[in-house]
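Asker: Read off the chains here:
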Amino acid sequence: MSFEQVFSLTVSGVTVGMIYALIALGYTMVYGVLEFINFAHGEVFTFGGIMAAVVLGWTGVSDAMPIWLRVVCLGGALVAAVLATVGLGLAIERLAYRPLRGRSRIIPLLAAIGVSITLQQLMILVFGPDSIIVPPSVVPAQFVTLFGSRIRVLAFIIIGVSLLLMLGLTYIVRSTRIGKAMRATSQDIEAAQMMGIETNHVIAFTFAVGSGLAAVGGLLVTMYYGSIRFDSGYIYGLKAFTAAVLGGIGNIPGAVVGSLILGLAETYGVGLNLGLLMWFFVAGLAAGLYFQLVRAPKRRLKHIREEDRTPAYEREIMRLYLLAPVYAVRVALAKRTDALMAVSARHALQLTLGNVFLAVMAIVFFLNGHAQIDPQWQNVIAFAVMMIILLFRPSGLLGEHSQEKV
Amino acid sequence: MAKSGDKKRGPIATALGRVPRWVYLTAALVLAVLFPLLHSAGLMDMLWIRVAIRSLTFVLLALGLNVVMGETGLLNLGYVAFFAIGAYTTALLSSPSLGFHWSFWPLLVLSMVFAMLAGLLVGLPTLRLRGDYLAIVTLAFGEIVRTVFLNVTSITNGAAGIPAIYTPNIFGWVVTEPPQFYYLILFFVVVVVIALTNVKNSRVGRAWNALREDEIAAIHSGIDATRAKILAMVISAGVAGLAGCLFAYYQSFINPTYFLFMQSVIVVCMVVLGGMGSIPGAVIGAIVLDSLPDVIRATFSDWLPRVFGPTFMASWPAWLQSFFTDFEKYRLLLFGIVVVLVVIFRPEGLLPDTLWRSETHEEDPREQEYTRQTLFDIDEGNQDLEA
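Chains as they are written, first to last, in the numbering used here: chain A, 1 to 406; chain B, 1001 to 1387.
FYI, nobody ran anything at the bench for these hints, they're computed from the structure. A virtual CB, placed ideally from N, CA and C, is assigned to each residue, including glycine. Errors might be hidden in some of the hints.
Claimed, not checked - Derived list of chain B stretches under chain A, where covered just means 3 residues or more per stretch with a C-beta under 8 Å from a C-beta of chain A:
id	region
1	1142 to 1149
2	1182 to 1189
3	1197 to 1211
4	1315 to 1322
5	1342 to 1348
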């Protein structure tokens, strides 16, 4: 495996990750404000992509046009797609979600699922069940050679556009009045209302921004792959949601970080052979062992009550993390248990199981060093990443540990 | 159980409410048993028996999903995975593809056991998650299961699927014809309804309802939340495994396209339409949603032309004609719109569960009081607050 290959994989991983990020931002912002998964966001993204493709088709761009006219067509398609998608996002929010505000968690999610199916079926009816193909002349097929690998110019355009949009979003959220209102609303919607913030406007604005970003993502995906279909949004939406969860849902930088990690994990996963992937597990195992043997016991030691704090007891806790299974059995068999010991034994056992899993994976990958993962498993990689993250750190990588609101 | 809600209902609803419940149940059962006789009498096409079998399979799925989604308030968007596990268990062990030929009862049990194990596997780590995270994790689980069945070609034969599943032989009764399958599935529907009704009215069922209404209050009343949730997950997975086993036998051919994410969503729609937490609701919701497209298509392409003459639609615009005669195309659209409308305008569903109604319409404090009393004061004998 050469450096060139790794480099080109990295670029395509970052490209895919940036597209995920554009969608993931919509999920994460809405979740931040309303604590609800906008399940229909994937369809909003598809709608943006389809609108862009359709408008590009109308303008009739071709190679015969001068370059500035092609850029104008592309810009027109972008504006049309963004406007239409923002309108759609606002309409969904107004018609389907606003009447349900304040209901228990499961109800708005069900409405979102219903909206998602409805939109998908409407797109089939209006645009047909086949892929909509973008005129190839719009998509610059130029390549540049960088560090010995050929990379599509479009990849850099995608990365650049996404970065610009994210900077813009950061500016809006950090430094404008409406951004301040958004942050206030996401902290506590009732308190924000009492402070005179029009929370309904803020929520609508959040939906609009999320939908606009998704529309740009749709346009970029359509250009990158050359076509889009009514059900493209399902898998993109799911992966973007995964990315948002990975980074800590409700957290805007988290969504970007999570998307990049997910994009890279996917492309590395199917692009590298197992021998190289093994090193990821080895690194994970090293981190896991460090956590189990050094960090976790140290944290535990802080919980010892003052009157129990003897060197023998401290050593016991340290040993517990070293020999987790033994202690788990001992604690399970004991008639009377020390609460701290019991909790620690369970925690240590979980950590050990996680590390054993990583070690087994590393060995399996080492033994099959030359094989590669079939691209068909790419989605499974994303979902497995999500399940693991949710199980071990549901608040995500950058999220704060949050207690569920009572 | 005199409900204060009575005075808000219309006269017809009140009158219907006065009829004892067993009358409805007996009538439904008699109708269901007599249904295939319409075909024997030559009054009905075999198509409708097939539709009924499909609907009953969905009834089983809706009943099972209702346990987690309706009773316990956990949204499972990968429910079809358990269905798939049951179906593949049966298909692999009772077809020439791997050379096994197990008989019906062991396979039925095994399908359920495997589905339940999968439920346990998903449930153990995930049930501590918040409701919406759980929905996504189960969705991912469903996709993973389908991808595995699709890609482990050496066992499952991939996208081509498993053909030629043997017909079941139940104590010498060989089930081959659709009417026989109809009775077989109907039998299991009745068994599952009885079993789930009993569970619902037991301590476990009340614990589920309490968790749905207010998890924190439930935990502080001494309910072991994790145990109750896992039990719900496992039971519902078992019902899906049972449905999968019957489905595989009936289809005699399965492949991964039967187990798409959309199937899970359809079952969710059925439970929502019928009324979350309501067993009759799940049954009615599944039957209505599953058979409605066929009924609409048949009404406009077969029944109405017989009554009004074959050209009664000729003056209608073409798109309206094709809308009704090709209604199958709009099936999923109908489902999506139905869910949104039901959730907004009638969140308790068509046949609501008493307790859920009190939750969704909060204006009546007395009904809420009833909920509190029934759910949260039941555990006086059990002061185990450690859970």
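Asker: Each hint should be assessed against the structure and marked as holding or not.
Answerer: Results of checking the hints against the structure:
As drawn, the region 1142 to 1149 of chain B meets chain A at 4 residues by the rule of a beta-carbon pair under 8 Å; at three or more, the given contact holds. Beta-carbon proximity to chain A at under 8 Å applies to 0 residues in the region 1182 to 1189 of chain B; the threshold of 3 is not reached and the given coverage is violated. Given a C-beta distance limit of less than 8 Å, the hint that chain A covers the region 1197 to 1211 of chain B is violated, as 0 residues qualify and 3 are needed. Evaluation of the coverage hint for the region 1315 to 1322 of chain B: breached, as 0 residues show C-beta separations to chain A shorter than 8 Å, against a requirement of three.
Closer than 8 Å: that is the beta-carbon criterion, and the region 1342 to 1348 of chain B has 3 residues meeting it against chain A, so the requirement of 3 holds.
Hints 2, 3 and 4, counting from the list given before, are not met by this structure.
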